[in-house]
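Enquirer: Chain residues, written in single-letter form:
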Amino acid sequence: MMPDLGKYADAVLSSYAVSLVLLALIVWLSLRRSKRIKKELEDIESKVKSHG
Amino acid sequence: MIALLTRDIRLAMRAGGGFGLGLSFFLIVVVLVPFGVGPQSALLSKIAPGILWLGALLACLLSLDRIFALDWEDGSLDLLATSPLPMEGIVSVKALAHWLTTGLPLVLVAPVLGVLLNLPEAGFLWLTLSLALGTPALSVIGTFGAALTVGLKRGGLLLSLLVLPLYVPTLIFGAEMARRGAEGFDITTPLLLLAGITCGTIALLPFASAAVLRVNLR
Amino acid sequence: MSLNSLWEYANPKKFIQTTDRVLPWVAWSAALTLLVGLVWGFFFTPDDYRQGSTVKIIYLHVPAALMAINAWLMMLVTSLVWIVRRHHVSALAARAAAPVGMIMTVIALLTGAIWGQPMWGTWWAWDPRLTSFLILFLFYLGYIALWEAIENDDTAADLTSILCLVGSVFALLSRYAVNFWNQGLHQGASLSLDKEENVADVFWYPLLVAMAGFVLLFIALVLMRTRTEIRARRMRALLARERMGA
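Residue numbers (my numbering), protein chains in the order written: chain W, 1 to 52; chain A, 1 to 218; chain S, 1 to 246.
These are calculated hints, taken from the structure and not from any lab test.
Treat the hints with caution; some may be incorrect.
[As the list claims (entries may be wrong)] List time: in silico DSS-like cross-link candidates among lysine-lysine, alpha-carbon distance up to 30 Å: (1) W:K49 with W:K35; (2) W:K49 with W:K39; (3) W:K38 with W:K49; (4) S:K14 with W:K39; (5) S:K13 with W:K39; (6) S:K14 with W:K7; (7) S:K14 with W:K38; (8) W:K49 with S:K14; (9) S:K13 with W:K47; (10) W:K47 with W:K35; (11) W:K38 with S:K13; (12) S:K13 with W:K7; (13) S:K13 with W:K49; (14) S:K14 with W:K35.
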């Protein structure tokens, strides 16, 4: 299945690896912050409501 | 406005005002370069225009945070803002004062330091001229950066990060003009482009700096 | 969609509702398109007769470069909208887009370096295009740093949008300056970077899909990050009010 990359295999594979890692990193960071902020906001909102 | 200008210049000249620091920095950079790249005079004379431009630019950068910092700390910036002077005028005067106390001395000592770097004879006039033409743009752009970071603690490093990319076109055209002059090529194109950048920034950037300063004084 | 209805989404609550509804679709279609484009490009395209298999890097390099510039353009537009109409969502969207744009710039630079090594025999050349991207990266750094440095939300939004406007002008100036500068150094360009020219159809179609994937991914990330920023802003406001009341 793996295509024959010839003598440039290193270059092609490493650029795919680097790019995918970076894309995964920004997606993961965004998701993590999204979840964290959402939860914190919900906590605070419920606290504010209970205060009246 | 003239009163403001003379006051700023007097403050800068006074001990502790930072006048002379920029010059000393410029001198040290130029002295350190041969230690870094070796003493071959052919190499030095080739890179001299670029080094002198870079040194002047960094020396200029060093003194930027003083443009507004002192006035911000003692509250006189708020007073200035409520005075009848338009904010754009205040910002322009500040930039002019910065140029007179930092840029102009740098321009004047650059040829002297050029001797240290074995600058070709043809280059002295064009180097001085290119610095004279380019440093006002550096001061005006720097004033914008200083206005952006005026309220921040430890804004100095951020200021450099913001201002240095903005310096790129000025540096390119200025150093190119000095280099072409030193190598005896035609300098018309970089000269016109450098003059264009300087005029453009002087005409337009004070509006941005004033807007930024108003936001920061809110 | 008329302009009037577009402004409705400037309402933070409405924006969050809409994003909640739309985001899963955008995200999954982004993932799908990206997968199709990259798999197609990686496994099912022939090698270029000159560049060999390195031509496969194009499916990452060009879309990333495209989004690096488009992200800045988007920040410019949203900054203008903030300055003119003062919609908070707009300023926050610019803030949300900046790190994504910076990552795209980094990807474009890195893949370019990896590609350049076997093709030109060097990781880095001070070619106008490469240099402009490096400068763009510096602009992203400064912009993000300014957002992080200022505590007050509205002040930060104002200052960063003015920086974005001024920065755009200077970025454009630098682009031309760099062109001029390199010409001045080496008479005539020694490296041609015009990959877009004469790209054969076999490479072009998967490239289009990959570009669409990057666009969708960018939209999904910006929607999600803007939603996060809106919530973070609301949270800071609530906390401030709590402190005032207590």
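Enquirer: A separate judgement is required for each hint: does it hold in the structure or not?
Expert: Evaluation of the provided hints:
1. W:K49 with W:K35: Roughly 21 Å separates the two Cα atoms, so the pair holds.
2. W:K49 with W:K39: holds (15 Å)
3. W:K38 with W:K49: Distance of about 16 Å is within 30 Å: holds.
4. S:K14 with W:K39: Holds: K14 of chain S and K39 of chain W sit about 19 Å apart, inside 30 Å.
5. S:K13 with W:K39: holds (17 Å)
6. S:K14 with W:K7: Between K14 of chain S and K7 of chain W the Cα gap is close to 53 Å, so the pair fails against 30 Å, i.e. violated.
7. S:K14 with W:K38: Holds: K14 of chain S and K38 of chain W sit about 16 Å apart, inside 30 Å.
8. W:K49 with S:K14: holds (21 Å)
9. S:K13 with W:K47: Holds: K13 of chain S and K47 of chain W sit about 20 Å apart, inside 30 Å.
10. W:K47 with W:K35: holds (18 Å)
11. W:K38 with S:K13: holds (14 Å)
12. S:K13 with W:K7: violated (54 Å)
13. S:K13 with W:K49: Status holds; Cα separation ~18 Å.
14. S:K14 with W:K35: holds (19 Å)
This entry does not satisfy hints 6 and 12, going by the numbered hints stated previously.
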